[in-house]
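Protein chains in written order, with my numbering: chain A, 98 to 171; chain B, 961 to 1152.
No lab work stands behind these hints: they were computed from the structure. Fair warning: this is a prediction, and the values are worked out from it, not measured in the lab. Ideal Cβ placement from N, Cα and C applies to all residues, glycine included. Any given hint could turn out to be false.
Residues from chain A shown here face chain B by an in silico Cβ test under 7 Å; the list is partial [stated by the list, open to error]:
{"hint": "1", "residue": "106"}
{"hint": "2", "residue": "144"}
{"hint": "3", "residue": "151"}
Not close to chain B: a few residues of chain A, all C-beta gaps over 12 Å, as computed [as the list claims (entries may be wrong)]:
{"hint": "4", "residue": "104"}
{"hint": "5", "residue": "105"}
{"hint": "6", "residue": "108"}
{"hint": "7", "residue": "128"}
{"hint": "8", "residue": "159"}
Simulated pairs of lysine-lysine, DSBU-like, Cα-Cα distance not exceeding 30 Å [claimed, not checked]:
{"hint": "9", "chain 1": "B", "residue 1": "968", "chain 2": "A", "residue 2": "166"}
{"hint": "10", "chain 1": "B", "residue 1": "967", "chain 2": "B", "residue 2": "1022"}
{"hint": "11", "chain 1": "B", "residue 1": "1138", "chain 2": "B", "residue 2": "1075"}
{"hint": "12", "chain 1": "A", "residue 1": "169", "chain 2": "B", "residue 2": "967"}
{"hint": "13", "chain 1": "A", "residue 1": "170", "chain 2": "B", "residue 2": "1078"}
{"hint": "14", "chain 1": "B", "residue 1": "1119", "chain 2": "B", "residue 2": "1151"}
{"hint": "15", "chain 1": "B", "residue 1": "1082", "chain 2": "B", "residue 2": "1016"}
{"hint": "16", "chain 1": "B", "residue 1": "968", "chain 2": "A", "residue 2": "170"}
{"hint": "17", "chain 1": "B", "residue 1": "967", "chain 2": "A", "residue 2": "166"}
{"hint": "18", "chain 1": "B", "residue 1": "967", "chain 2": "A", "residue 2": "164"}
{"hint": "19", "chain 1": "B", "residue 1": "968", "chain 2": "A", "residue 2": "167"}
{"hint": "20", "chain 1": "B", "residue 1": "1138", "chain 2": "B", "residue 2": "1022"}
{"hint": "21", "chain 1": "B", "residue 1": "967", "chain 2": "B", "residue 2": "1075"}
{"hint": "22", "chain 1": "B", "residue 1": "1151", "chain 2": "B", "residue 2": "1078"}
{"hint": "23", "chain 1": "B", "residue 1": "1031", "chain 2": "B", "residue 2": "967"}
{"hint": "24", "chain 1": "B", "residue 1": "967", "chain 2": "A", "residue 2": "167"}
{"hint": "25", "chain 1": "A", "residue 1": "169", "chain 2": "B", "residue 2": "1138"}
{"hint": "26", "chain 1": "B", "residue 1": "1022", "chain 2": "B", "residue 2": "1119"}
{"hint": "27", "chain 1": "B", "residue 1": "1022", "chain 2": "A", "residue 2": "164"}
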Amino acid sequence: MSRLKRIIAGLSTLAMLLLGASLALAQTSTTTPGVPTTGAGGDAAANVIILGVSTLMIITGAVLLRKEKKEKKL
Amino acid sequence: MAIKDSKKTIAAIAVIVCGGLIFTAAIVRAFFYTEDIALHAEIISPNIPTELIIPKLNIDAKVLEMGITAKGNMEAPHNFTDVGWYEYGTIPGNIGSAVIDGHVDNGLSLPAVFKNLKTLQKGDDIFVMESSTQLHFVVTDIERYYYTSAPLSLIFNAKDGRRLNLITCDGSWVTADKTDDHRIVVFAILKQ
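Looking at chain A on its own, in the form it has when it is part of the complex (with noise of 0.2 Å):
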């Protein structure tokens, strides 16, 4: 038993040791970041043709669909 406990006791401080060193370690590469993306209007082009080609596919979806009510009408 009492030899559980120490093999605990040691398992515990090894991780406290580990937890120690990652917090370390990652306050250490926190103070100076590489400055941030703060634009995004470089994707300006290709955001406008998805959105273009995307409206198209609606508005022909929706013709069709029309088209195809409209021959069962008749």
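Starting from the structure of chain A, add chain B where the hints point.
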């Protein structure tokens, strides 16, 4: 005949649904900014900045807390109207360099909160609200740096005063890194 008609109807509905999904994704891409975030702190201080006011540019923006991205850069706000304070750095008003970033434009190239940041001049006023306190900063310098050679220590770690540095993008688009190739940094100091 009926089966053929229903197939056509299903195809039309599928085109509409696909178009709708792509349209929604494009809107999200254009109006919301997302990055993989590596680190975020739990700030318990009551004196964290809540609002940034720059009268000359008609800016009155909410301040969000920014961590670090997976690439090791300061995080940027997920929208184009708020600004972000680097939470691992200095709290505005304390000795050191508090850093606040904001976008210059959104995914459709429409102006964002810091669109006109580079028009600030020495002596212009910047106010930061912290709970019930208003801090008054004055612009001391405006610099433009290439994005890979910006003086990070000067921007994030200068300890020679109660500094506030505002940062945004500028220049041309670098497709490989999906970012602009310059940064505008406005250096300000607390007015005593």
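Given the hinted pair residue 170/A and residue 1078/B, is their Cα-Cα distance within 30 Å? Outside the cut-off at roughly 62 Å; violated.
For the pair supplied as a hint, residue 1138/B and residue 1022/B, is the alpha-carbon distance within the 30 Å limit? Judged against 30 Å, a Cα distance of about 26 Å means the pair holds.
Under the criterion that the straight-line Cα-Cα distance not exceed 30 Å, is the pair residue 1022/B, residue 164/A satisfied? Outside the cut-off at roughly 50 Å; violated.
Against the 30 Å threshold, does the CA-CA distance of residue 967/B and residue 167/A hold or violate the hint? Distance ~16 Å between residue 967/B and residue 167/A Cα, so the pair holds.
Tell me if the straight-line CA distance from residue 967/B to residue 1075/B falls inside 30 Å. Not OK: residue 967/B and residue 1075/B at ~50 Å, beyond 30 Å, violated.
Please verify whether residue 967/B and residue 164/A have alpha carbons no more than 30 Å apart. holds (13 Å)
Quick one: work out the minimum CB distance from residue 159/A to chain B and report holds if it exceeds 12 Å, violated otherwise. violated (6 Å)
Chain B contact restraint for residue 106/A - C-beta distance below 7 Å: violated (29 Å)
Quick one, are residue 1151/B and residue 1078/B close enough, alpha carbons at most 30 Å? Since the Cα atoms of residue 1151/B and residue 1078/B sit roughly 21 Å apart, the hinted pair holds (cutoff 30 Å).
Does residue 144/A pass the interface hint, meaning its C-beta sits closer than 7 Å to a C-beta of chain B? Hint holds; residue 144/A Cβ to chain B Cβ min 5 Å, cut 7 Å.
Can we keep the residue 151/A interface hint, with Cβ of chain B closer than 7 Å? holds (4 Å)
Straight-line Cα separation of residue 169/A and residue 1138/B no greater than 30 Å? Violated, because 50 Å separates the two Cα atoms, which is more than 30 Å.
When held up to the earlier numbered hints, the structure conflicts with 1, 7, 8, 10, 13, 21, 23, 25 and 27 and fits the remainder.
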